[in-house]
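Engineer: Chain by chain, the residues run as shown.
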Amino acid sequence: MRLWSWGFSAASLLALGAVGCDQAPAAHPSPNATAGTAGTGMTAPQSCETPSPGPAPLHPLTRFEYDNILRDLLGDTSEPARAFPPENEVDGYRTNANANHANPLLVQSYLTAAESVAANAVQSRLQSVAPCADGVDSLACGRAFISSFAARAFRRPLSAAEAQPLSTVFELGNAESYAKGVELVIQAVLQSPQFLYRVDSLRAPTPETGAIALGGYEMAARLAFTLWGSVPDQALLTAAESGELLTPADVEREARRLLADERAHDIVRDFSEQWLDLSRLDGAVRDGTTLDVNVLNSSLRLSLTHFLDDAYFGAEGGFQRLFTSPSVWLDDTLADVYGGNAPGQGFTSQTLPEPRAGLLTQPALLALLSHSDQTAPVIRGVFVRERILCLPVAPPPPTVNAVPPDPDPTATTRERFRQHTEQEACSGCHRLIDGVGFGFERYDQLGRYRASENDLPVDESGEIVASNEDTLDGPFSGAAELAERIAQSPRARDCLATNWYTYTFGRQEQPEDACSLEQLKTRFRSSGGDLKELMVGLTQTDSFLYRPAMTEGP
Amino acid sequence: MSARISRRNVLRAASGAVLALPLLPSLGTRAARAQAEAAPKRLVTMYTPNGVIHDGWWPTAVSSESEFQLSSSHEPLRPYKDRLLLLGGLEMKVAADGPGGPHQRGIGGLFTNMQLGEGVFVDGCGRTAGWANGVSIDQRVAAVIGAGSPVASLQLGVRATENDVQGRISYAAPGMPLPPLATPIDVYKRVFQNFLPPATTPDEDVAKRLLAQRRSVLDAVAGEFAALDTRLSTQDRQTLDAHLTLVRDVERRLSLGIGDCAKPAEPPVLDPASEADMPKVAELELDLLSLAFACDLTRVASFEISTALNRIRYPWVDSLGEGHALSHSGASDADAKAQLLSRQNWHSSLIARLFDRLAVVAEGEGSVLDNTLLFWGNEVSMGTTHTHDNMPFLLAGGTWAFRTGRYVQYTDSTNNRHGDLLVSILNAMGVEDTTFGDARYCTGPLSGLV
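Chains A and B supply the protein sequences, listed in that same order. Each number in our numbering comes from the position in the first sequence (counting from 1) with 39 added on. Each number in our numbering comes from the position in the second sequence (counting from 1) with 5 added on.
Nothing false has been slipped in among the hints.
No more than 30 Å apart at the CA atoms, straight line, and that leaves these computed lysine-lysine pairs for DSSO-like: (1) A:K219 / B:K268; (2) B:K194 / B:K213; (3) B:K285 / B:K86; (4) A:K219 / B:K213.
None of these hints come from the bench; they were simulated from the model.
Let the sequences and hints guide you as you build the complete structure.
Structural biologist: Okay, structure coming up:
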């Protein structure tokens, strides 16, 4: 990811230009038209009156989805996908369809998981997975199992051609025992493309043109994957079967039902992990505590999960709260580091004596956006601009010395990083970045509040410039004021919506996505920043409700 | 190095060892078979990021090609000095332009000699690129010498966590990168786990039945692919065709079994992201590679230590700076330089560890090391410039193909191509191509090697 690659100082700077930082950075600097980050520079075509969905490629299941599905289908909580190779990431998102294809390691991992999951299911849960009453013909039980289990795994009823191979393999196993027949069917289903890929587009028998409305089962699958990261439950499949999942209103009704389920919290966690690049916290060492790094980082991640849960699903939740809530969730480990009360067990929401304002001042995020031995104003500034405001920052030239200045007991971090803005060659870009990053100087590399640094007063004044939004631009004092401004910013809301869109649809935005993006942003804005409405809104876009026609012949 | 051990005796010796892994496995009759045939050749491609400190990489006191002192970076390889071939002055022309930034172009071209495609990955300088547009040399070689191996090839990674073009060194085909295994247990499972279904007995009839069942299951899976096929777009169909081909290939290789090679004890579970675990992850991955080579379970591997834009510290060699940042500071900063040199030294020590293990396994008249070639490269020459001239390239290991024990400096600008080096490596591995990757950056085998 780009964010982490940034250089930090310019001690040995050679001649260079300020690479366009003085211009308004609304559009991504990339020469590639399809390569924008989660930008907001896309303009809608003149009319969105006819449905205009973006592309609908095959999506391989992510590891997150795979494990969720096994839990929901078979009650298997062993999380076998933890052993799968990681997804390739685009813009930090693992859901990208075009960057992810099968490889030998993944295919072998599928086989490993299928065999161990199937063995486990029949050994420990045969009666719940594939019940067969005494005296009933095992072949009949097998047929019933195939039509129920495979249909849920494939997210739709099987065609005859799809049922036949499973029947064959069941009969082969059934010759040994009923359990073996079931086991082999599970193995085959878990390695079938109808299971391993999200197939949103199945060709109609007749030639297609324009936007194609999704069928009920395809809609059910999109809903479940989008809001649960899993397969449809029986209620969704029933709605699909009975034709009650075809209109936008049907879809919205089901979306609200799904959002009320615990699994919707998982999708928020998975999205946020990628949006914020939280896996970078794993193994990250920060000076200032003797706690085991894994113990601390694991508590920090859980703390952030609690915070996000509250912002999305709490009674007072919403975009405003996401950026301004004073709450920090602490367990005993974190209370030891950050102050507050040790709750004894689990986490409690607390308001610490110092200023804390929402996501940007959560200990986990501040520790993530730090060097091991000092704060990282540049990383923090780039993060806010790129990830929160969708303002891509132009690059540093390769010739700069990117070593952060050494900690110096006689100076503050701000003083040591100051040369960015003093050297003319650097200042073009760094005035965009550092002005934001310096606003977090009250929080050290662990995200602890500090009144002073090296016994010197901390200067937490900052400034946002060239954001393309008048109410966002201007000086501010401290992270809380910055956060308050972000909480009011239409650009920041649009940016979050765009990030959700990229994550959900698993691809970089294309020109065809303009109408859908506009629908999503409009809905989110008009909801007053209701985050659950944002998630419902994903299901009300053209890209969700339709797919493009397949133009080439069968 | 001195007294080589027969494979059987190694097994006996190792059985009492207190290592996390036995030093070497049982090879049983496979050893006899292997010795009757020509010894297999093996290839390792190795990558470390962000260039090197040249003053401390290249040999010193050079009086001739074969008379020189190893630099501090290669000190751990002193016992293997006569097996090293240091190649100075080579230019990686393929990385000079094309899509992407210098780190991206470098890592993409290093083992493919192909430029990157256009794409969506953003580098540290805001430039974008896709995947490399060609097969990597390890995979080209694996397609020939690894076709009969139970494991086609191994991709090993140590904190190589950039899951985009900057974190991939191995390509099965243009635009088809292979992800690295992140921890020893992952390597262990890839090499040893699937040859029989889990929880089986060593009973041969049982094993045969289980393999037959697996085949039937995969036949059913193939039936599901066929049932879906006609209803997909052309592009989606190609995606699934490639997937099904892999299913069949995995099945075929798993049916080969691991012969008489004793399954080693499971390695400990280590954290792929952990700074504290990092040295052990690297060491045990290489130990498992030595087992896989010695057992002839695979003949090709790539080994990747972190990625270009890493922020990784190496406290075990007193390097508390962050990798990429240090490299930008480079030789002008004494402390950064010392840290980078100690990292280079550690990287060499990993090669020495692998060689120590390969050198003691007898094979034919020599050792497994005699039949293993390692090529160590980097995506840029040095972190301060990000250029691709005078690349820090090192060949090491077997002596069958190249005159080793030398430091060869290429000064003729018409004969300094990285692409030519790749052709020479291909030829050394028995692949008789005269070009590799982009023909514009390749004229044939590199002179001065044999």
